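*Asks:* For reference, the chains in residue letters:
Protein chains: 2
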Amino acid sequence: MHGAVLDFWFDFASTYSYLAVMRIGPLAEEIGIRVRFRPFLLGPIFEAQGWTTSPFNLYPAKGRHMWRDLERQCAILNLPFRRPNPFPQNSLLAARVALVGLDEPWGKDFCLAVFRSEFGEGRSIESSAAMSDVLAGLSLDAAQVLQAAQSDAIKTQLRAQTAEAQRLGLFGAPSFTTGDGELFWGSDRLERRCAGKSK
Amino acid sequence: MHGAVLDFWFDFASTYSYLAVMRIGPLAEEIGIRVRFRPFLLGPIFEAQGWTTSPFNLYPAKGRHMWRDLERQCAILNLPFRRPNPFPQNSLLAARVALVGLDEPWGKDFCLAVFRSEFGEGRSIESSAAMSDVLAGLSLDAAQVLQAAQSDAIKTQLRAQTAEAQRLGLFGAPSFTTGDGELFWGSDRLERRCAGKSK
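Protein sequence lines correspond, in order, to chains A and B.
The first sequence begins at 1 in my numbering and counts up one residue at a time.
The second sequence begins at 1001 in my numbering and counts up one residue at a time.
Since the hints were made in silico from the structure, they are not lab data.
Please read all numbers here as calculations on a predicted model, not as lab measurements.
C-beta atoms are modelled at their ideal positions from N, C-alpha and C, and glycine is treated no differently.
Some hints here could point you the wrong way.
Under 8 angstroms between C-beta atoms, here's a sample of chain B residues computed to sit facing chain A [said to hold, decoys possible]:
no.: 1; residue: 1049
no.: 2; residue: 1061
no.: 3; residue: 1107
no.: 4; residue: 1108
no.: 5; residue: 1171
no.: 6; residue: 1185
no.: 7; residue: 1188
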């Protein structure tokens, strides 16, 4: 596996992407693979299957379980948890800023900081002001980054990334894809199973 | 946890219930809890949210991932895997027979044998003949058991069990409920997470 690359697909609005982003770094280091962060938008993919919002809102029983499950998982993983309102948050601006950052050294730190703010502190991530706060926390020039995030090049890049996600058969987040065509869906697939006694 | 009871809710048509049923016995023994098998029908629950068949059929991308994921998980868990056709199988008769058996010593063995036949060997579980085969494999009087399975008492019991599942907020299978009102959904929740270094 050494030298292998794992593509990590996530939407900033996705609850289980929070669990994944907070532990993928150490896990990847442990097994010696490189992780490429691939933010995308679930919205167009959900729309294509007839959903106008998160399935956790469309199916209340599923949603109730998700929030309780997330709370339990955060406790096990020792992660702070606070539910943002509304859910899902509009993740368009955060995804665009992330694409700017992922071509620079601060991209992954930005992604972690956004998820921590949103699901650890329950704060909104939708506005320019919210993104400025996160960027300032990383000692970046927020105004300059936000301008780059609204460029045509970044807008096009995000559309292309979302189209690629759809082409790869993604239907939810987080998802993970490998160079040999495997698709794994869900935060639970980040680790190899505990069961089966395999390592 | 000693002396605690975990209710294990499953539908014989459910793919991930196969993964759960094949390992819940040893896991429960390891941590010293008693497991109560609660077969129910997902059909009425899916119908209530507007689904006419399995979501794995309704959403093809989700379905494609599930079959590949199941194949990978079976390999990790060292379980045989073969896809039944059609999917989902009609699980009504198997659920009724299981209710007969779960009041007798052979109930859990019957459940394991049905899942092994369906997803380990890809065989149909729908007909009386298929159920007779499984029952005969457990050295039971198939004709007598099948007659009991079609009694009004058993039919009523299965309807009540499905209604209880719905009342408890179940929306999929496998699910697990505890005496203190917790609901866990999905085969992945059977073990405590590997991550977080907690036991």
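*Asks:* Each hint needs a verdict: does it hold in this structure or not?
*Replies:* Hints and how they fare:
no.: 1; hint: 1049; verdict: holds, 6 angstroms
no.: 2; hint: 1061; verdict: holds, 4 angstroms
no.: 3; hint: 1107; verdict: violated, 23 angstroms
no.: 4; hint: 1108; verdict: violated, 19 angstroms
no.: 5; hint: 1171; verdict: holds, 4 angstroms
no.: 6; hint: 1185; verdict: holds, 5 angstroms
no.: 7; hint: 1188; verdict: holds, 4 angstroms
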